[in-house]
Every structure is written in C-alpha cells, then in structure tokens.
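J.: Sequence:
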Amino acid sequence: MAGVRLKVSMAALVVAFAATGLAAAPSANARKRPVVRPTQELAMLLTSHRVLSSLRGRRRSRATRVGAWRPITATQTVLPVLGRATTADGVRWLRVRIPGRPNGTRGWISRRRTVLTRTSWHVVVKTASRRVLVYRRGRLARSFGAIVGKRSTPTPRGRFFVEESVRMLPGSAGAPFALALSARSNVLQEFAGGPGQVALHGVGNIGGKIGTAVSHGCVRLTNRSIRWLAARIAPGVPVTIRR
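So for the sequence shown, the numbering used here puts the first residue at 1014; every next one is plus one.
Source of the hints: derived by calculation from the structure; they are not laboratory data. Certain hints may be false.
To be verified - Cβ pair distances, simulated, as ranges:
| hint | residue 1 | residue 2 | range |
| --- | --- | --- | --- |
| 1 | G1096 | G1070 | 33 to 41 Å |
| 2 | G1184 | T1225 | 22 to 30 Å |
| 3 | P1084 | I1223 | 24 to 32 Å |
| 4 | S1133 | R1256 | 24 to 32 Å |
| 5 | L1153 | V1104 | 35 to 43 Å |
| 6 | S1165 | P1084 | 25 to 33 Å |
Don't be surprised by glycine CBs; every beta carbon is placed ideally from N, CA and C.
Required output: the full structure, derived from the provided sequences and hints.
T.: Structure below.
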C-alpha cells in the first residue's frame, strides 16, 4: 500500500473532509486531451527547509519553514514541484506547494537535500456532482460517489496534494483510511482539537449517504472506495477540488 499505515484515531488526525477538481475543457478538441498532466514531479525532503516567498532579494523575502516529517505518520514530507530556478550564485531552487494555511501557498526551497521523483496519479474532487475522479497518466482510471461539505462548512476548492496516508483505528470515525490533504477548512480554524485539516476518508463509524453534502468539509467515500485509493495514492499526489 502507498504510504506508511499508522493506526490513529479521528481526533488525532484532526480533519475536516475535502478533495480536488479541474475545469472542463471548452472545445471538442480540448475534451480529447487529458484533463490532467500525465505525471507530476515531486520533491521528498531529507531535512527541514526554509521556504522563501520570492527569490528576489532573498535576504529580505518573507520566509517560513517546512518540516521533513509529517506530524501524524512521521513519514517524510513530499511536495509537488511547480518550477525550477538557478540564481546568480549557482544555487538551485524548486518552487513547490506548501501545506497548511493559507490554502494554495507556494514557495521556493533549496534543491539540496531533496530527492526528486514523479507520480502518474491525480485525484479530482467535483463538489457539485459529488464525485471523486482518479486519473493515472492523464486518463480516467476510476470514479467514485462521495459525500462533500455542507453549505455552512463547504469543502474548500483549489489545488492541493496528499500530505499523509493514514490507517485509522477500527473504531474511529472515518475508518478504515484517511488521505490527509494539504488543504485546511476555510470555515473551521479548529476541528476535533486540530487545525481543521481536510481529508478524503471512509464512512466507518460516521456514516452518511453517498451523493449528499453533509460533512464538515472532508470528502467521505465508501470504505471499499477509500481502500482502493489508499492502496494507490501516496503522499505528494495532486488533488484538485473544483465545483
């Protein structure tokens, strides 16, 4: 299975359910093309990295840090790579997506102490139709019905990625698996004692009718569907959430 399987409770996971999406192509020719890229470059961090908002005036650029290990599973951080650059001093940089608030944050990290890989998977969540589409090498592989966020706590839209793959404790809400995303709820600053992290997870001990909008923002799938995903979707895989 993709990712490390650590058994945790829903409270420890601290999620508020979510997913992905891409706009439909405007023409017949466009519809013939894959709606997602065949592959996505990823950077696995070997150490924590300083994240710069800009490479211009680096010493003055606003900086944060991203850790090398994820907080739930203690697996290594894997980030989607959006671009590359080399500065005049010869330092190589990667532009990457950063997990957490505000949603959609991007930044520059040093290429040093990273391992570059690629994934052929991409998950798209369509909140209006309440479907989760799974692409491999740019082609639709599977489509699942889902439960999405209700009007007061909607599933956030945007481009995100899988932060961690978690095996849930049998008695916990959302079992048997959760794919914790880089997304955070736009409404709930805190959920179940955590930061309102969004996830795709099962319906174990929580229920709900597939095809409805009743969650706190997370995306619920049948247990069979989430097992299929958890066996294939690893940290770093892009997740697009759209209407």
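J.: Each hint: holds or not?
T.: Evaluated hints:
no.: 1; hint: G1096 x G1070: 33 to 41 Å; result: 19 Å, violated
no.: 2; hint: G1184 x T1225: 22 to 30 Å; result: 24 Å, holds
no.: 3; hint: P1084 x I1223: 24 to 32 Å; result: 30 Å, holds
no.: 4; hint: S1133 x R1256: 24 to 32 Å; result: 26 Å, holds
no.: 5; hint: L1153 x V1104: 35 to 43 Å; result: 40 Å, holds
no.: 6; hint: S1165 x P1084: 25 to 33 Å; result: 27 Å, holds
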